[in-house]
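Chemist: Sequence:
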Amino acid sequence: MSAMKPKSIRFDAAVAVALAVVCQFVSGCGPRLDDAYGQRRGLGVEKSVNGTRVLSDMFEKAGHTVFSWQRLSPRLWQRADCIVWFPDDFDPPSDEVRFWLEQWLEDEPGRTLIYVGRDFDAAPWYWEKIAPQIAESDRENHRRCLSDAKIFFEARRAVHSNEQSGEQSSEQSGAWFGVDSKPPKRTVRTLAGESDWIDGVDSGKLEIELHGRMLPGSEAQVVLQSDGDALITSQEVGDSRLIVVANGSFLLNLPLVNHEHRKLAARLIDAVGPPKKTVVFLESRDGGPPISEKDPSAAMPIGLAIFNTWPTNWILLHLVVVGIVFCCWRFPIFGRPIPPEPLGLSDFGKHLDAVGELLKQSRDAAYARERVKQYFETIKQNR
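The sequence shown begins at 47 in my numbering and counts up by one.
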């Protein structure tokens with residue numbers, strides 16, 4: 047039997063992803079879960095189970111300056127001391143992206159690049175964790191949500207796994223690491239490695255998941271592993287450092303609920319070096335981040351995104367406070383109410399207004415004219 051051609055493999059995998067998306071719409075899984083991957087800030091992102099906001103907050107609490115970026119550009123090259131990259135892409139970095147980042151590492155000493163593999167999704171993990179809390183009436187909907195999340199994740203993995211056709215070493219691909227997609231999924235319950243990483247971590251309470259297996263590069267040193275499976279590797283690039291993490295199952299927002307995962311995340315932050323570094327979270331989708339020779343011009347945020355963008359969020363906050371103070375000054379009545387001035391009874395103009403209103407309510411123009419005519423005749427006779 048002849049081997050399947052790469053184009054056919056890619057087409058079949060793409061069809062699988064499309065079918066998974068269709069199944070999600072058809073099945074009618076209840077409220078949509080925020081599951082945007084590898085992003086730190088934005089509407090519907092900060093609370094995503096697959097987001098990086100919690101990890102970025104840990105970097106900030108450690109004394110670092112943090113911001114997000116979406117391309118390889120001069121600003122990233124000049125400002126970043128550490129790049130943390132959670133690519134939403136199951137394929138390894140392209141040669142162009144890898145070359146750019148390696149050149150950035152070699153340009154100045156003491157820089158760090160943290161690459162976190164995509165081979166994990168927290169959405170199925172979330173639905174599995176909340177299963178014991180689901181009421182009987184919601185069990186069917188929960189089952190559909192869990193099934194949809196698993197199907198979508200496995201379909202996206204298939205695009206990469208089918209093209210890799212099993213095991214691909216780092217020497218074959220020329221990448222920082224290789225991938226073996228054949229082993230089955232397993233949960234990590236044991237740790238081995240350098241004492242700086244494992245001291246004080248209760249491995250029995252870990253919930254790290256491994257789907258594919260990371261194959262370390264020829265120059266990489268395994269600093270954390272489990273039963274022979276590499277979890278974190280480190281290698282020198284010039285006078286800087288490249289750290290590769292197998293996947294985000296202990297670094298994304300939801301997995302960091304686990305206290306032992308937070309300990310490992312703290313060790314990763316310590317590996318970056320002393321505080322006051324500029325840490326950039328690089329965000330990208332399929333195909334990796336674009337490479338540009340110029341930085342993008344600052345675009346004015348639109349819609350509700352303006353409330354999440356500095357400095358407009360702080361400006362709007364102050365305007366809201368000023369508006370509240372103005373409303374408290376202008377509209378409420380404080381203290382005992384003051385009775386209004388009594389209406390004067392000697393104002394003949396008000397009598398005319400009242401008569402006019404009564405005539406208007408009669409809706410009889412002829413009658414109104416007759417009454418007015420009679421009034422003027424009476425006044426004339428009295429004179």
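It should be emphasised that the hints constitute simulated quantities derived from the structure, not laboratory data. Since the model is a prediction, treat every value here as computed from it, not as a measurement. Mixed in with the good hints, there may be bad ones.
[What the hints assert, rightly or not] As a list, the in silico SDA-like pairs of lysine to any residue whose alpha-carbon atoms are at most 20 Å apart:
1. K175 - K323
2. K107 - Q124
3. K323 - S114
4. K231 - Q267
5. K175 - I197
6. K340 - E174
7. K340 - I197
8. K251 - I197
9. K251 - L237
[Claimed, not checked] Computed beta-carbon distance windows for the label pairs:
10. R382 - A412: 22 to 28 Å
11. K93 - H305: 18 to 24 Å
12. P378 - H305: 43 to 49 Å
13. H305 - P383: 53 to 59 Å
14. K231 - K251: 26 to 32 Å
15. G246 - P120: 36 to 42 Å
16. E265 - T111: 37 to 43 Å
17. K231 - P155: 35 to 41 Å
18. E403 - R382: 44 to 50 Å
19. T324 - A177: 40 to 46 Å
20. K228 - K251: 27 to 33 Å
21. R232 - E265: 51 to 57 Å
Heads up, the beta-carbon is just placed ideally off N, CA and C, and yes, glycines get one too.
Chemist: What are the numbers of the hints the structure violates, in ascending order?
Modeler: 1, 2, 4, 6, 7, 8, 10, 14, 16, 18, 21
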